[in-house]
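Knowing the structure of chain A, use the given hints to seat chain S on it.
Residue numbers (the working numbering), protein chains in the order written: chain A, 14 to 408; chain S, 14 to 408.
Calculated cross-link-like contacts (lysine-lysine; reagent style DSS-like; alpha-carbon spacing at most 30 Å):
no.	chain 1	residue 1	chain 2	residue 2
1	S	K296	A	K188
2	A	K296	S	K188
3	A	K299	S	K188
Residues of chain A clear of chain S, computed beta-carbon distances all greater than 10 Å:
no.	residue
4	H62
5	D85
6	D133
7	K152
8	G191
9	L207
10	R232
11	A234
12	F236
13	G277
14	T281
15	D282
16	D283
17	Q320
18	G334
19	Y337
If you are wondering where the hints come from, they were derived from the structure by calculation, not from laboratory data.
Glycine included, each C-beta is placed from N, C-alpha and C at the ideal position.
There are 2 protein chains.
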Amino acid sequence: MNDILSSTPAVSSEAGTQTLDTLSTPALILDRDRMDRNLTRLKGLMAGHGVTLRPHLKTAKSIDAARRIFPDGPGPITVSTLAEAEYFAREGGFTDITYAVGLDPNKALRAAQIHAGGVDLKVTLDTPEQAPALGAAGKATGSCPAAFIEVDCDGHRGGIAPDDPQLIVVAQALKTAGVPLAGVLTHAGESYSLHDPEALAAAAEAERAAAVDAANALRRAGFDCPIVSVGSTPTAHFARDLTGVTEVRAGVFMFFDLVMHGIGVCKTDDLAISVLTTVIGKKPEKGWILVDAGWMALSRDRGTSNQAVDQGYGMVCDLAGKPYADLIVDQASQEHGILALRAGSSATLPDLPIGARVRILPNHACATGAQHAGYNVVADGKPDIVAYWPRMRGW
Amino acid sequence: MNDILSSTPAVSSEAGTQTLDTLSTPALILDRDRMDRNLTRLKGLMAGHGVTLRPHLKTAKSIDAARRIFPDGPGPITVSTLAEAEYFAREGGFTDITYAVGLDPNKALRAAQIHAGGVDLKVTLDTPEQAPALGAAGKATGSCPAAFIEVDCDGHRGGIAPDDPQLIVVAQALKTAGVPLAGVLTHAGESYSLHDPEALAAAAEAERAAAVDAANALRRAGFDCPIVSVGSTPTAHFARDLTGVTEVRAGVFMFFDLVMHGIGVCKTDDLAISVLTTVIGKKPEKGWILVDAGWMALSRDRGTSNQAVDQGYGMVCDLAGKPYADLIVDQASQEHGILALRAGSSATLPDLPIGARVRILPNHACATGAQHAGYNVVADGKPDIVAYWPRMRGW
Numbered sequence: 014m015n016d017i018l019s020s021t022p023a024v025s026s027e028a029g030t031q032t033l034d035t036l037s038t039p040a041l042i043l044d045r046d047r048m049d050r051n052l053t054r055l056k057g058l059m060a061g062h063g064v065t066l067r068p069h070l071k072t073a074k075s076i077d078a079a080r081r082i083f084p085d086g087p088g089p090i091t092v093s094t095l096a097e098a099e100y101f102a103r104e105g106g107f108t109d110i111t112y113a114v115g116l117d118p119n120k121a122l123r124a125a126q127i128h129a130g131g132v133d134l135k136v137t138l139d140t141p142e143q144a145p146a147l148g149a150a151g152k153a154t155g156s157c158p159a160a161f162i163e164v165d166c167d168g169h170r171g172g173i174a175p176d177d178p179q180l181i182v183v184a185q186a187l188k189t190a191g192v193p194l195a196g197v198l199t200h201a202g203e204s205y206s207l208h209d210p211e212a213l214a215a216a217a218e219a220e221r222a223a224a225v226d227a228a229n230a231l232r233r234a235g236f237d238c239p240i241v242s243v244g245s246t247p248t249a250h251f252a253r254d255l256t257g258v259t260e261v262r263a264g265v266f267m268f269f270d271l272v273m274h275g276i277g278v279c280k281t282d283d284l285a286i287s288v289l290t291t292v293i294g295k296k297p298e299k300g301w302i303l304v305d306a307g308w309m310a311l312s313r314d315r316g317t318s319n320q321a322v323d324q325g326y327g328m329v330c331d332l333a334g335k336p337y338a339d340l341i342v343d344q345a346s347q348e349h350g351i352l353a354l355r356a357g358s359s360a361t362l363p364d365l366p367i368g369a370r371v372r373i374l375p376n377h378a379c380a381t382g383a384q385h386a387g388y389n390v391v392a393d394g395k396p397d398i399v400a401y402w403p404r405m406r407g408w
Numbered sequence: 014m015n016d017i018l019s020s021t022p023a024v025s026s027e028a029g030t031q032t033l034d035t036l037s038t039p040a041l042i043l044d045r046d047r048m049d050r051n052l053t054r055l056k057g058l059m060a061g062h063g064v065t066l067r068p069h070l071k072t073a074k075s076i077d078a079a080r081r082i083f084p085d086g087p088g089p090i091t092v093s094t095l096a097e098a099e100y101f102a103r104e105g106g107f108t109d110i111t112y113a114v115g116l117d118p119n120k121a122l123r124a125a126q127i128h129a130g131g132v133d134l135k136v137t138l139d140t141p142e143q144a145p146a147l148g149a150a151g152k153a154t155g156s157c158p159a160a161f162i163e164v165d166c167d168g169h170r171g172g173i174a175p176d177d178p179q180l181i182v183v184a185q186a187l188k189t190a191g192v193p194l195a196g197v198l199t200h201a202g203e204s205y206s207l208h209d210p211e212a213l214a215a216a217a218e219a220e221r222a223a224a225v226d227a228a229n230a231l232r233r234a235g236f237d238c239p240i241v242s243v244g245s246t247p248t249a250h251f252a253r254d255l256t257g258v259t260e261v262r263a264g265v266f267m268f269f270d271l272v273m274h275g276i277g278v279c280k281t282d283d284l285a286i287s288v289l290t291t292v293i294g295k296k297p298e299k300g301w302i303l304v305d306a307g308w309m310a311l312s313r314d315r316g317t318s319n320q321a322v323d324q325g326y327g328m329v330c331d332l333a334g335k336p337y338a339d340l341i342v343d344q345a346s347q348e349h350g351i352l353a354l355r356a357g358s359s360a361t362l363p364d365l366p367i368g369a370r371v372r373i374l375p376n377h378a379c380a381t382g383a384q385h386a387g388y389n390v391v392a393d394g395k396p397d398i399v400a401y402w403p404r405m406r407g408w
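Next up, chain A with everything else stripped away, as it sits in the complex (with noise of 0.2 Å):
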């Protein structure tokens, strides 16, 4: 065995010495330009609104994204499972962190021992049954996380209506439990399936009602409820309102994708992440160029399906980033893309030879970012891998 056997496994981390036209393919690659764009966007437009943006980084799941925002934490931040919240608080001093996932009560001493640990940490439950075990674990350390009431402003998941006679069941619930009440927390997932701008911002007002009233039923009962937090990043960027509001969460918004794309909350010079990858074959009978990209590197995540326009897996740029004409991954294997050209199409297929490479823009940049170690990183309108920035994963 030689020393290639005996080293640690190739990975896309040799920032400074690639670019796009050396780096090892499939590999994820992140404008960090852009990805600045869309975070200085939002930041602006909540600015605007006076209430605070809370990232939330189960898009991208790296610390040293994270700091592109907050430079020396402490955040406010988002998380969607506990490990995102010990690797935020561990590696960038992050203490101030929403955890909006429904507590499983079998995690509630996890999360006290978060909260032991220095972190202003908040749950988020939505039934009584939660609540006891939330209690016990606080008392077990001495620090008892804040719990969000979640509410249910549109039918997408979970959440209590904010006239359900349920919503006060908790507070009370938390109150005998011994578990301080944060707010109510909602979010407007059903506003991913519109591409209306009047739709959308009736969605950004109905998430921002739902949240409003759950939390006056909450005070007219006698509970204080601080904040009030809503967010989707369709909803974020199409609210015209934000009276009540205290804080808005969103998470897609860093990266942008196609499924933002067919909403038109962005453009495609907005997405920020591709899956570089390399032409391995060609069927020119049936119109198809294979790459080396395949669900492995993309994702399975087809959310563009049921979009006015199906991008199939992906659509398929030029290494600068600029689209070819109707061309996109028309189906994915595990290790192999087939690229060809959107049904109906006039463009031509492009003349890719064996060896050259494109840059496909992604779906759903959640799902596709965790198919990937990390990011390789590119700025200033340049090939050069500037940086390699790891993701982090795992419960």
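Here is chain S on its own, set in the frame of chain A:
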């Protein structure tokens, strides 16, 4: 910051102290007995045909799983990335490896370096353009991988039709470049769309015939063609005659999944991997149970959506592995799954309290496995986690 924040992230790796009742969720579970049974079944079938089984380790990506077949190496095995080849060579002494994805010329030197390290690595290609880079890499290292010519047996993806004169052109290009011809290799990917045993047997025969015809065409043109390699999990199980074939590749057979169940290759009792998850919410008015396994734990694969029975994002079982009647993962967001009865079902939604645990059988074992860092292994029908087997990832 206390200890929990300065330690490494929590992983499901406490084999020996954990059980299905205590493991943090979501977690990937592997039933070792089912896997062993699946291995024994296909090994027996191949022995009956007198051909070599060359398992495709792109599904398991685990040295511990590979050792259940070959305790001390050296294979034969199949891989889908060069990183897998390096991993299995380094970790387990595997030295008989076929890389069954069309070669990116930029990876030729890396392949030749693996070969120079004492691994009989064979690569795959289907154009004359790929040959010179491989030949040059072989000259640079003094050690050239042999190449398979990929044959197209069903129009599924890449490869050359057995009667296409291009087959001889590629063989000649290899000879000119000084690259040994390993033989021909094909994959009946279209068998995944079948479910009738007669059609599956016909697909297996078409796969066999295409490979043998291509080998004979090469031999008639004066080329040695020692290996005739075919394979997909459905055709491997439905083949009636493998005359002229020397080896069969299959991957997902080790674990099986709901797609394979829909094709008719296995029973649900054969499925060796599942995702352990916890109930974190309910919407009784909608017939929903919310769990902490979303697409991050299950993958976005919807491979059963085109089959006679659509299993959503997976079939729900109790902790012992027994399916609940008609209960599936109907929807998935990143860290939430929504369990619901299949449309039109007359079954009753089980009464699962907050904190209860269930196991999800996946659509596609390759895709679900890839979402996890490793396997929590159970055996002997007991809930104890007897081992933790890490997975490798990347390219």
